[in-house]
Amino acid sequence: MAGRAPVLRVGHWLLVGVVLVWSLAPYLWTLATSFKTERELYQFPVTYWPHAPTIVNYVAVFTQNPFGRFLLNSALVTVISTVACLFIAALAAYAFARLRFRGREALLVGLLIVAMIPLITVIVPLYILVRNLGLLNSYAGLVAPYVTYALPVAIFILTAFFREIPQELEEAALIDGCTRLNTLWRIIAPLAAPGLITAGIIVFVYTWNEFLVALTLTSTNEVRTITVGIALYRGEFTFPWGVISAAVTLATIPIMVLILLGQRLVIRGLTAGAVKG
Amino acid sequence: MARVYLEGVTKKFANVTAVNDVTLEIPDRQFTVLVGPSGCGKTTALRLIAGLEEATSGSIYIGERRVNDVAPKDRDIAMVFQNYALYPHMSVYDNMAFGLRLRRYPRAEIDRRVKEAAALLGIGGLLDRKPKQLSGGQRQRVALGRAIVREPQVFLMDEPLSNLDAKLRVQTRAEIKKLQARLQTTTVYVTHDQVEAMTMGDRIVVMRDGVVQQVDSPLNLYEKPANLFVAGFIGSPAMNFIEARLARRNGGVVLDAGSFAMEVPADLVPHVQEWVGRQVIFGIRPEDIQDRAYARDANHAWALRAMVEVHEPLGSDVILYLSSGDHSIVARVDAHSQARMGQEAEVVFNLRKMHLFDPQTHAAIV
Ligand SMILES: Nc1ncnc2c1ncn2[C@@H]1O[C@H](COP(=O)(O)OP(=O)(O)OP(=O)(O)O)[C@@H](O)[C@H]1O
Ligand SMILES: [Mg+2]
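Those protein sequences? They're chains A and B, same order as listed.
1 is the number of the first residue of the first sequence in the working numbering; add one for each residue after it.
1 is the number of the first residue of the second sequence in the working numbering; add one for each residue after it.
If you're looking for bench data, these hints aren't it; they were derived computationally from the structure.
Don't take each hint at face value.
[To be verified] So the derived list for chain B, only partly shown, Cβ under 7 Å to chain A, looks like this: (1) 73; (2) 79; (3) 85; (4) 298.
[Said to hold, decoys possible] Computed spacing ranges between beta-carbons, pair by pair: (5) 107/B <-> 72/A: 54 to 60 Å; (6) 112/B <-> 185/A: 23 to 29 Å; (7) 5/A <-> 13/B: 41 to 47 Å; (8) 361/B <-> 101/A: 41 to 47 Å; (9) 23/B <-> 115/A: 31 to 37 Å; (10) 185/A <-> 59/B: 30 to 36 Å; (11) 115/A <-> 236/B: 55 to 61 Å; (12) 15/A <-> 83/B: 38 to 44 Å.
Glycine residues also receive a C-beta, built at the ideal position from the N, C-alpha and C atoms.
So here's chain B without its partners, still in its complex pose (with noise of 0.2 Å):
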């Protein structure tokens, strides 16, 4: 086992930065989720890690050692692809034993762990079969099967539910994660969708434009989002952004949005103050806002009467797209609200869950 340390890593191609002067912490037998929207370096920050593309500048260490001009066999590192890349004209057990041959292990060694990775991924009656006899999901447990036997120091994972369907996805989500959980493997796991990561990761990476935007556990991130962009990228349905305006009154702070105004919770005020009298973007999730009905202890001073303009039950809570004034707000109210489309409903924000971002870096202000 080992910890993965990029210091100042950049990788230009012609005329892209993939990965921007990235400096990342990767613990040791910690389960960490790569995760950024489509083109922001995940895949080619995993691939430098893997010594499958060269650094521009920066250094890469595995555990104590730099890496940078390792040849990729030598890192002791296992990659599952997101195709799989299994060899075709091998069957399943070459394809697991290929590594371990490569690497003179004695036959009976091979024997064992390829034995016992295939039972532990329950594809030991698959051995024997070429890769274009399996399923999809098969494959993808042939591909972790083939990491696992290797016993690495890392495991580097891109994108390797993204060809499941959804069912699976799911189910081979949980796997990987208790797989991880037993062998205690140090692995980096590249994913564009945040819902993978939050449920797998331990800690969680987001990029953006080949820069890192924040390292936090799961619940930090969803709490605690350094910026604009990352509370936007967690959570479904994103959360709200409203252009406001922070307003001395009665002694307190209000939020000024124009079509309302409601008072800033008092123990956040001390962290506002500079902000006062200036624009800021107010962020709220919409698990954040209740309909008044259904919430018996909130604070009614952050009531709001909003236009219902759609109107999507999940079963468990209804999903309410409402207006007011020029603001679009989503809100995830109790499954047995009687907010109707077309109408007026009165729902109740939870301010003390409030974010507030700079309008100008986009920083986190509480």
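Chain A extracted, bound-state conformation (with noise of 0.2 Å):
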């Protein structure tokens, strides 16, 4: 930066301040129009910051409906989803990165391809499939198709992510006593750090932001996650802004911890060898 031209370095910040706008905008409007008393919400002509602050809002997202409920289904149903399949497309990756056997690069083909079929084209066999094991209504019945879903994108991030670490790192553990698995865990995982992160900050935020199968597998508030469950405050004639802004104002925060954490994560793992090459 320091070298650069003004106009340069202020078309820069003019640029990355376009983008803040054009990427925060909604998520701030969201946020005021949360902290808005119904009479200033259709109030014109519109304000932009609230001119009397009120938690009221707030306060009927947790009355209206079980919204503490909601956030722990999600927050379950994503962090075990988010686990079990990093632990699964670790496993799946490793087998990917580092073994040779028959059909490897078709079955990765074929995993791209079943990642790109649109969720809404199986949701009725779905259903059925859920039913019949007797999963419907339960979490085991939303982890299942989320892992599932997920999958194919998550072993195809670590598989590169395992195929840049260096074979011998690998040889080494194994001479110096770790079983295939081990170097996995102990060596493997630890360097793929980043790739890990990312794949969990991918899946983590599908999951709990995913609708459909949420709404079609779930029919009583105990299993209920965030998604379904902002939808049930919009009343038959009503749509109340203000209450829905505050709901979905709660249900980005853990999106957005989880991702600054990541980031850090991330950006310090890659930055890790940058010392001395």
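Dock the two chains into a complex; use the hints.
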């Protein structure tokens, strides 16, 4: 940056500004809306900053529906799905990255194709399958499809990261006393941490945001996740913007925290070796 | 400590035979060097011993145990890789302790061994660093340290010096040799550098295209190469090879190379009887060709006038690239030699050190 012409520098920050506004504006608008009173919401001309900030919407979020329960359900389903998905994906990616077996490339391509099938095309068979397994309206009934659906992407990411790790490191560990599986946990996984985090974030965000499957496979508040829960705040004839904005704001917080944390870890992972090549 | 024994070991990859029916004994406590040109199967041989590759056929023994079906971790060996393969996410201490921890050694014992090895290698001050914070030479020592702390039966080293600069390489070469002499651990060392092989090995195994060419002490390899390949591979500058013919003359045997002919020393004649009248390949090392003016006690019947094409003074001696007829001959002569480029010089061969090879099989005759 230092040596660049001022024009370029101004242009750079201008661009950054545009991107920031573009991507943050909807979220900020939701945030502002969540603190407005019902009257101010429909007031004209529009106010950008709440005149009389209020938390009634937040109170309503928790009193109208068991929002805490939705949060908990989402958290459980998402965390379990993410951990299970990463675990299985790590094993599969290890095989794809390291073992020579017939049909390896074909399988990888097959995974990619599976990942491209839109969920909506399989929602009916999925419903029947889950019903026949007796898993309707249960955590397991949600986790299983989520893990399945997120696996191809996670395997893809991890395979790419695993392939980057020099074979000799693993061979050294094999001689030092590791079993194959041991090298995965002790050598590969720590070195591929940025990949694990990347895949983890993608799976987490996908699962947390998922609506269609959650709507189809749940029927009571005991297992409803937050996305389905938020839809319940809509009345038959009313659309309580303030309350829904408050719910959305709350639902976004875990994702933001996760990404901020993850981002720091990823950056640290990527620069750990940058001191001397 | 243990010997390593390969018995008819073959390793085939999809379309190459990297190691071809190798039978080889690596004696207990000795420093054995596998040497040969790039792609000759040295690394593959080492990896077979380590258990990182599976032999296509044949048996591998470490000590008395056949280890073909034994996992690398249970072969009681340690390996030093060309790129060191230090675990980047662990400190130097943890790198060295890793193998011992996996084997559940008591903490105090691990600490003692790591500190001892670190002291031995002069890396005691680096134990808290990560591999990325070390120089190439330091990393190399850590890699050695990681092998030493395990106190294995066998050390396997794959070109451990090739990533160091020339000066450090010479220094480390001597250190590894000293270390091995002190620890007395059976060592198999792979290199493509014949100087490294000659200076370090108790015994040298020369390989080519997956086949062992000769197994011998450095001196024997130099003085009695088993075939044309070994003769040309060991020594620098390489041995001269000249197509010639043996003929009987005046009761003796002469070596007739067209542009010159010289009498074969009488004591060698009995060994070449059956080759008289036939084509051979005559080999002579550059250091066995002297400037006549500085070779007072040489046999002047073996003198030759030749054109000096290139003159390379090295300080300690001079390398002359000579031509005689259509033969090119390299000589390493006295530093004071008056030979000049573009002029004729008179050199004298020491035929007592001559080599003869079968032009068909390339096997040594004398
Ligand atoms: N995993 C593999 N798959 C296929 N071919 C291989 C494999 N490893 C080695 N080879 C082949 O086997 C032969 C011997 O290889 P090797 O690595 O043992 O040679 P090397 O003597 O160590 O050579 P260098 O001095 O270049 O390291 C080569 O032709 C190489 O291409
Ligand atoms: Mg090699």
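Evaluated hints:
1. 73: Given a least distance of 4 Å, the restraint on residue 73/B holds.
2. 79: Holds, about 5 Å.
3. 85: holds (4 Å)
4. 298: With a minimum Cβ separation of about 52 Å from chain A (threshold 7 Å), the hint on residue 298/B is violated.
5. 107/B <-> 72/A: 54 to 60 Å: violated (42 Å)
6. 112/B <-> 185/A: 23 to 29 Å: holds (28 Å)
7. 5/A <-> 13/B: 41 to 47 Å: Violated: the Cβ-Cβ distance is about 56 Å, outside 41 to 47 Å.
8. 361/B <-> 101/A: 41 to 47 Å: holds (44 Å)
9. 23/B <-> 115/A: 31 to 37 Å: With Cβ atoms ~52 Å apart, the hint is violated.
10. 185/A <-> 59/B: 30 to 36 Å: holds (33 Å)
11. 115/A <-> 236/B: 55 to 61 Å: holds (58 Å)
12. 15/A <-> 83/B: 38 to 44 Å: holds (41 Å)
This entry does not satisfy hints 4, 5, 7, 9, going by the numbered hints stated previously.
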